[in-house]
Every structure is written in structure tokens, then in C-alpha cells.
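Asks: Kindly produce the complete structure, drawing on both the sequences and the hints.
Everything in the sequence shown is counted per the working numbering, starting at 1 for the first residue and increasing by one.
Mixed in with the good hints there might be a few duds.
[As the list claims (entries may be wrong)] Per label pair, the in silico range of CB-to-CB distance:
| id | residue 1 | residue 2 | range |
| --- | --- | --- | --- |
| 1 | PHE76 | ASP25 | 19 to 27 Å |
| 2 | THR105 | TRP27 | 24 to 32 Å |
| 3 | PRO16 | SER98 | 18 to 26 Å |
Keep in mind the hints are simulated off the structure, nothing from the lab.
The beta-carbon is built from N, C-alpha and C at its ideal position, and this holds for glycine as well.
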Amino acid sequence: MSAAPTASAWSPGNCPQGSFCTWADYWYEETDQTPSLETGTEWSGSSAASIFYNNTSRDITMTYVRIADGEGAQEFTSCAAAHSGSYFTSPMYVTDVSWREDDGTPCW
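Replies: Take a look at the structure:
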């Protein structure tokens with residue numbers, strides 16, 4: 001798995017309430033580092049991400065890409081629970097953020 005399990009105790013950093021954010025660099029505790037992505041709506045594009053936080057009241061489906069030497073691009077899809085976040089185990093590029101369709105399975 002390319003993302004660490006989410007934890008509700010993870011700090012939202014400087015991600016405003018109602019937004020989903022990523023940061024290109026790792027940080028701990030609070031930060032004044034500018035998010036590489038800050039969106040309150042569904043989004044697609046490419047944003048460098050080492051850390052993410054979903055500071056919304058809805059679960060999000062997040063698509064992200066890892067580009068490893070000699071392996072090419074690998075795409076992953078994960079659920080980011082409301083008011084939680086985590087870090088990636090290696091730098092990624094988030095490429096899509098959409099509201100999660102509830103299929104009855106838990107969002108970790």
C-alpha cells in the first residue's frame with residue numbers, strides 16, 4: 001500500500017475547514033507550509049503530495065500516481081475519510097479528488 005492508514009488525530013495543518021489539501025513536503029505538528037493543493041470541490045489535475053488531509057465533512061475518493069524509476073507510473077485509488085489525513089510512504093501526485101459514493105464499506 002502506498003499511503004499510510006489515515007488517522008483522525010492527524011493534524012489538518014493549515015488546511016481550511018471545508019477543503020481537501022495536499023502538501024509537497026513532509027511536516028509534523030502544525031505547519032505554515034503552503035498546500036500544493038487546496039480544494040473545496042471535486043478536482044482533477046496533478047499536484048505533488050507527500051501528505052494529505054480531508055478537512056471536509058464528506059469522504060473523498062482520491063486517485064494518485066507514483067512514478068518509480070524503471071517501473072513507470074502506477075495509479076492508485078483510495079478513500080480519504082472526512083476530517084482525517086495521513087502521509088504517503090513515497091512522494092506521489094494526486095490527480096483526482098471526488099466525493100465518495102457510499103457503497104456501505106468503511107472509509108479508512
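Asks: Which hint numbers doesn't this structure obey?
Replies: none
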